[in-house]
Amino acid sequence: MPSHPRPTVRRRRLGAELKRLREKAGVSMDDAAERIGGDKPKISRQENGRQGVSKLEIEALLALYGVSDDRLRTALTTLAREGRRKGWWAQYGDILTAGFQEWLSIESDAARILAFQPMLVPGLLQTVEYATEVIRCAEKDATQEKRDSYIEVRKVRQEIFARDNPPQYVCLLDEAVLRREVGGPAVMAAQLARILEVNNPPKLTIQVVPFGQGWHAGVHGPFNIYNYPDPMDLDVVNLDYLDGALYLEEDDSVKRYQLAFDELRATALTTRQSMELVSSVQREFAMRA
562 MPSHPRPTVR RRRLGAELKR LREKAGVSMD DAAERIGGDK PKISRQENGR QGVSKLEIEA
622 LLALYGVSDD RLRTALTTLA REGRRKGWWA QYGDILTAGF QEWLSIESDA ARILAFQPML
682 VPGLLQTVEY ATEVIRCAEK DATQEKRDSY IEVRKVRQEI FARDNPPQYV CLLDEAVLRR
742 EVGGPAVMAA QLARILEVNN PPKLTIQVVP FGQGWHAGVH GPFNIYNYPD PMDLDVVNLD
802 YLDGALYLEE DDSVKRYQLA FDELRATALT TRQSMELVSS VQREFAMRA
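Start counting the sequence shown at 562; every next residue gets the next number (the numbering used here).
To be clear, the hints were calculated from the coordinates, so they are not data collected in a lab. Take the hints with a grain of salt, since some may be wrong.
[Unchecked claim] Derived SDA-like pairs: lysine to any residue, alpha-carbon spacing no greater than 25 Å straight-line:
(1) K716 with M680
(2) K716 with S589
(3) K701 with L807
(4) K707 with A672
(5) K603 with S589
(6) K580 with T693
(7) K816 with T693
(8) K716 with T693
(9) K816 with R826
[Said to hold, decoys possible] Listed next, with one range per pair, are the computed distances between beta-carbon atoms:
(10) A754 with G598: 58 to 66 Å
(11) G782 with D813: 41 to 49 Å
(12) I656 with P762: 16 to 24 Å
Even for Gly, the Cβ is constructed at its ideal location relative to N, Cα and C.
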């Protein structure tokens with residue numbers, strides 16, 4: 562039996578919209594399959610994002626579904642084309658797992674990223690020195706060459722903020738992230754200085770959930786929520802675990818995490834107060850460096 566790739570963000574978005582249009586038109590999967598010379602499993606794979614859709618197939622299906630909106634037709638054709646395009650991370654395919662490449666795809670296409678991190682500074686905000694220590698501890702058996710490649714990937718990821726239209730990024734850090742010493746006082750002082758430097762609301766906002774808050778909605782661990790710009794897009798929640806990552810796309814699951822994020826943000830210090838705390842802890846580390 563042939564294997565099919567894990568769905569990329571673009572394929573998920575395209576498949577979800579094709580399914581919506583098919584159901585709205587009252588067309589069965591069998592009839593859709595007949596129109597493109599395929600079978601029902603092929604339509605199912607395409608709608609689940611596990612198989613690409615060619616330009617000719619898109620045109621045939623949209624005609625069958627009675628879609629006349631030129632903007633929508635163009636958007637879906639573009640999604641189909643981009644779904645076949647390799648991301649920048651493809652050049653690191655020999656060291657990156659399929660799951661992490663999927664994460665990078667989700668991250669790359671997002672219009673807004675909401676992040677909560679109770680343990681470590683997120684990769685998108687890490688300095689090279691901080692990232693080096695994190696990777697050294699997490700990849701104890703890796704060669705130095707492989708570790709260097711991981712660091713390079715982290716640096717390229719951060720270029721997302723230098724794009725002409727970067728995503729909005731809202732990051733909530735537990736106070737423990739500021740105080741957990743990674744790589745020594747000098748590394749921490751530089752890392753916290755970086756946080757002070759990049760904080761730039763509303764495009765890049767960093768807030769701290771203080772120790773004094775006690776129990777909060779993030780006690781179950783870190784998570785990221787990825788929002789996308791068009792109505793057809795599927796929002797995604799990313800959860801890390803020891804041996805990989807989990808992606809949630811069901812509306813109810815996404816809403817629960819969105820609610821948890823909103824509750825966390827309500828308990829966090831304001832941006833100004835957060836930066837005052839970061840600055841205070843940064844000075845403490847700098848004095849010890």
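A quick look at each hint next to the structure:
no., hint, verdict
1, K716 with M680, "holds, 20 Å"
2, K716 with S589, "violated, 47 Å"
3, K701 with L807, "holds, 24 Å"
4, K707 with A672, "violated, 31 Å"
5, K603 with S589, "holds, 13 Å"
6, K580 with T693, "violated, 44 Å"
7, K816 with T693, "violated, 35 Å"
8, K716 with T693, "holds, 11 Å"
9, K816 with R826, "holds, 15 Å"
10, A754 with G598: 58 to 66 Å, "holds, 60 Å"
11, G782 with D813: 41 to 49 Å, "violated, 19 Å"
12, I656 with P762: 16 to 24 Å, "violated, 35 Å"
Going through the hint list in order, the structure does not satisfy hints 2, 4, 6, 7, 11, 12.
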